[in-house]
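S.K.: Work out the full structure, taking the sequences as your base and the hints as a guide.
Protein sequences, first through last, are from chains C and L.
With the working numbering as the guide, the letters of the first sequence map in order to residues 13 to 110.
With the working numbering as the guide, the letters of the second sequence map in order to residues 402 to 575.
Hints listed in this document are in silico derivations from the structure and should not be mistaken for laboratory results.
All residues carry an ideal CB built from backbone N, CA and C; glycine is no exception.
Take these hints with a grain of salt, some might be off.
[Stated by the list, open to error] Simulated restraints on C-beta separations:
| hint | chain 1 | residue 1 | chain 2 | residue 2 | range |
| --- | --- | --- | --- | --- | --- |
| 1 | L | A452 | C | H16 | 47 to 53 Å |
| 2 | L | G420 | C | I68 | 21 to 27 Å |
| 3 | C | L72 | L | A452 | 33 to 39 Å |
| 4 | C | L33 | L | K461 | 28 to 34 Å |
| 5 | L | V545 | C | V38 | 20 to 26 Å |
| 6 | C | H16 | L | T454 | 26 to 32 Å |
| 7 | C | L86 | L | L474 | 37 to 43 Å |
| 8 | C | A94 | L | E448 | 24 to 30 Å |
| 9 | C | M25 | L | L563 | 42 to 48 Å |
| 10 | C | G29 | L | L451 | 37 to 43 Å |
| 11 | L | T423 | C | T65 | 30 to 36 Å |
| 12 | C | M67 | L | E448 | 39 to 45 Å |
| 13 | L | L446 | C | A23 | 29 to 35 Å |
| 14 | L | A452 | C | L89 | 20 to 26 Å |
Spelled out from the first residue to the last, the chains are:
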Amino acid sequence: MQQHTTVIDKAAMALSGGLMLLGVVVLGLVEILAGKPYSAAPLTNDAGEIIATPMIDPTLRTGLVLAGILVLALYGLYKLVAPMKEGPATTQQDVTAD
Amino acid sequence: MSYQAANPLADEFEFELGGAWTAYWLAFLRVVTGWWFFHAGVTKLIEDGLAYTYGPAYLKQMTGTALGPIPVLMGEHLGWLIQAMVPLGETLIGLGLMVGALVRLASVFGVFFMALFWIGNASFGHGLVNSDFMGLLLFMTMIVLATGRYYGLDAVIEKTKLVKRHPKLRYLLG
Numbered sequence: 013m014q015q016h017t018t019v020i021d022k023a024a025m026a027l028s029g030g031l032m033l034l035g036v037v038v039l040g041l042v043e044i045l046a047g048k049p050y051s052a053a054p055l056t057n058d059a060g061e062i063i064a065t066p067m068i069d070p071t072l073r074t075g076l077v078l079a080g081i082l083v084l085a086l087y088g089l090y091k092l093v094a095p096m097k098e099g100p101a102t103t104q105q106d107v108t109a110d
Numbered sequence: 402m403s404y405q406a407a408n409p410l411a412d413e414f415e416f417e418l419g420g421a422w423t424a425y426w427l428a429f430l431r432v433v434t435g436w437w438f439f440h441a442g443v444t445k446l447i448e449d450g451l452a453y454t455y456g457p458a459y460l461k462q463m464t465g466t467a468l469g470p471i472p473v474l475m476g477e478h479l480g481w482l483i484q485a486m487v488p489l490g491e492t493l494i495g496l497g498l499m500v501g502a503l504v505r506l507a508s509v510f511g512v513f514f515m516a517l518f519w520i521g522n523a524s525f526g527h528g529l530v531n532s533d534f535m536g537l538l539l540f541m542t543m544i545v546l547a548t549g550r551y552y553g554l555d556a557v558i559e560k561t562k563l564v565k566r567h568p569k570l571r572y573l574l575g
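M.R.: Next up, the structure:
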């Protein structure tokens with residue numbers, strides 16, 4: 013099966029994937045390198061008091077992921093309104109027997 | 402070892418994207434994801450009917466999130482709608498996925514629900530990539546792979562004259 017991607021397809025993939033991976037993986041790595049807490053939640057002691065907060069606000073990280081999802085949603089809307097390409101989705105080829 | 406750029410799965414242990422196991426697994430995943438939402442919705446309907454008061458209360462506590470004031474405003478001004486739409490929406494999304502009808506459209510709403518659950522739920526005590534986020538990704542997988550076409554009603558609906566006349570409906574089906 014041969015599928016052709018347009019510039020818009022590639023831009024949607026790159027932008028949405030880039031934003032989501034930036035929020036989850038890249039800033040997640042930064043969070044680990046910055047020391048405790050290694051996650052997006054604050055670190056508390058036994059009494060429940062916050063003893064360390066994340067270096068990167070989880071609002072920023074989740075915002076980046078949501079932005080990536082929004083890009084995909086806009087791409088979906090674009091596909092709904094953009095004219096479809098003519099021609100069948102698959103092509104058949106005649107095969108001759110030996 | 403051979404490597405095909407067009408199909409990296411093509412190897413001596415090939416797992417065809419159009420193969421029987423793929424169809425089986427995507428259909429299975431779709432039905433289980435559907436049951437997850439159907440169960441969540443139908444039990445709310447049994448308990449509270451269309452007056453699920455926790456819905457707007459949940460949205461109102463979502464201050465300071467990446468969604469800004471949107472969920473709080475929804476909770477404050479659309480409470481009556483949220484009370485009805487949470488149980489009804491979850492039930493319909495679940496039903497759609499289980500029978501494989503309008504799967505992509507249902508999954509868009511599933512992504513919307515899961516985004517609110519992910520952002521507002523548990524302050525990421527289990528990390529940013531938690532079960533809510535994985536659920537969100539499941540719905541996105543349903544959209545990307547059009548899982549309604551595997552043993553689902555969308556496979557039948559897409560063959561109707563209506564869809565053939567309006568092929569763009571396939572973006573909502575499948």
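S.K.: All hints, please: hold or fail.
M.R.: Quick rundown of the hints versus the structure:
1. L:A452 - C:H16: 47 to 53 Å: 51 Å, holds
2. L:G420 - C:I68: 21 to 27 Å: Roughly 42 Å apart at Cβ, these two residues miss the hinted range, so it is violated.
3. C:L72 - L:A452: 33 to 39 Å: 36 Å, holds
4. C:L33 - L:K461: 28 to 34 Å: 32 Å, holds
5. L:V545 - C:V38: 20 to 26 Å: 22 Å, holds
6. C:H16 - L:T454: 26 to 32 Å: 51 Å, violated
7. C:L86 - L:L474: 37 to 43 Å: 22 Å, violated
8. C:A94 - L:E448: 24 to 30 Å: 44 Å, violated
9. C:M25 - L:L563: 42 to 48 Å: 31 Å, violated
10. C:G29 - L:L451: 37 to 43 Å: Once the Cβ atoms are compared, 39 Å apart, the range 37 to 43 Å for L:L451 and C:G29 holds.
11. L:T423 - C:T65: 30 to 36 Å: The hinted range 30 to 36 Å is violated for L:T423 and C:T65, with Cβ atoms some 44 Å apart.
12. C:M67 - L:E448: 39 to 45 Å: Given about 42 Å between the Cβ atoms, the range holds.
13. L:L446 - C:A23: 29 to 35 Å: 42 Å, violated
14. L:A452 - C:L89: 20 to 26 Å: 33 Å, violated
In this structure, the hints that do not hold are numbers 2, 6, 7, 8, 9, 11, 13, 14, in rising order.
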